[in-house]
Each structure stands twice: as structure tokens, then as C-alpha cells.
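J.: Numbering-wise (numbering that gives the first Met the number 0), the sequence shown opens with residue 0 and increments by one.
Among these hints, one or two may not hold up.
To be verified - Straight line, CA to CA, 25 Å or less: simulated SDA-like cross-link-like pairs of lysine to any residue:
id: 1; residue 1: Lys44; residue 2: Ser100
id: 2; residue 1: Lys42; residue 2: Leu53
id: 3; residue 1: Lys42; residue 2: Ser100
As the list claims (entries may be wrong) - Between beta-carbon pairs, the in silico distance windows are:
id: 4; residue 1: Ser100; residue 2: Ile27; range: 50 to 56 Å
id: 5; residue 1: Gly56; residue 2: Tyr32; range: 20 to 26 Å
id: 6; residue 1: Val88; residue 2: Leu18; range: 56 to 62 Å
id: 7; residue 1: Leu21; residue 2: Leu99; range: 25 to 31 Å
Since the hints were made in silico from the structure, they are not lab data. Treat the numbers as computed from the prediction; the structure is a model and nothing was measured. C-beta: ideal position from N, C-alpha, C; glycine also.
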Amino acid sequence: MFISPAWAQGAGGGGLDGLGGLLPLVLIFVVFYFLLIRPQQKKAKEHREVLANLRRGDRIVTNGGLLGTITRVPNDTELMVEIADGVKVRVLRGMVAESLSKSDPAPAKSKDKDKGKDQDDDDADYDEDGPDEDQVDRDEEANEDSEKKS
């Protein structure tokens with residue numbers, strides 16, 4: 000007696016059927032593709048192009064954080080990199096993280112000299128290759144003068 004009224008009920012609310020149920024999943028995949036997958040593929044392609052265009056004289060950064068200049072390209076997989084005066088190491092081409100070569104655009108420098116004075120004066124004596132030799136000589140002379148006065 001109670002079973003027949005249960006079967007007599009109409010169909011449930013209109014749920015999504017067939018392709019309508021897959022629509023949210025497809026939308027999520029499209030969003031992931033454009034936000035995650037595609038930018039990563041683009042970045043990987045640019046990195047492959049950088050590795051393919053490495054030449055002698057290019058300044059590079061390795062995945063380990065070493066900075067150096069390519070002195071020789073013995074084959075397709077290796078590079079000879081000078082990381083200090085007279086110190087050369089072999090580096091696998093795939094381990095180059097970034098190229099700082101002359102062909103890359105240099106970072107924009109401020110033309111206003113007053114802006115540079117806001118930085119520490121200690122940084123002004125050094126360039127990317129090390130301390131300015133004239134500044135080192137002046138510092139040594141100043142130290143000698145102060146020792147003589149003491």
C-alpha cells in the first residue's frame with residue numbers, strides 16, 4: 000500500500016544530463032590551460048631558444064647561481080665558462096638558467112643622477128666586474144694616512 004504512492008511520484012528536478020554535466024569540467028580545463036599550461040610552454044620555448052643561441056663571450060647564470068662568461072663551445076651539450084680570472088669550468092648547456100649577453104637588452108638606467116644618490120655610497124664603488132681599481136687605491140691611501148695619524 001505504501002509502495003505504490005512512492006512509485007507514483009514524478010521524475011526528480013531537472014538535473015544536468017549528458018554534455019551539460021561535462022560543461023563545468025570543460026570550463027575548468029580551459030581556465031587551467033590558459034592560466035597554467037600555456038604560459039609554462041611559452042616560457043620553456045623561450046628558454047630553449049636562449050640555450051640554442053648561446054655564443055662565445057655571452058655572460059650567463061647557471062642553475063646553481065654561478066655567473067660566468069662563455070669562453071668556448073666544444074660541442075652541442077657542453078660549454079666552457081670562465082667564472083673568475085683563470086678559473087674555467089665545464090657546464091652542461093641545459094644547466095644555463097639565463098643569458099646576460101650583450102645581445103639582450105640592458106636594464107633601463109635612470110638618467111637622473113640625483114636618484115642614484117639615494118642608494119648606499121658603498122655600492123657606487125663597484126660595478127659588475129668587481130671594485131673600481133682607482134677607488135681601491137684611494138681607500139688604501141686613506142687607510143695609510145689614518146694609520147700615520149694614529
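J.: Give a verdict on every hint.
T.: Each hint, compared with the structure:
1. Lys44 to Ser100: holds, 18 Å
2. Lys42 to Leu53: Within the cut-off at roughly 17 Å; holds.
3. Lys42 to Ser100: holds, 18 Å
4. Ser100 to Ile27: 50 to 56 Å: violated, 41 Å
5. Gly56 to Tyr32: 20 to 26 Å: violated, 39 Å
6. Val88 to Leu18: 56 to 62 Å: With a Cβ separation near 58 Å, Val88 and Leu18 satisfy 56 to 62 Å, so the hint holds.
7. Leu21 to Leu99: 25 to 31 Å: violated, 48 Å
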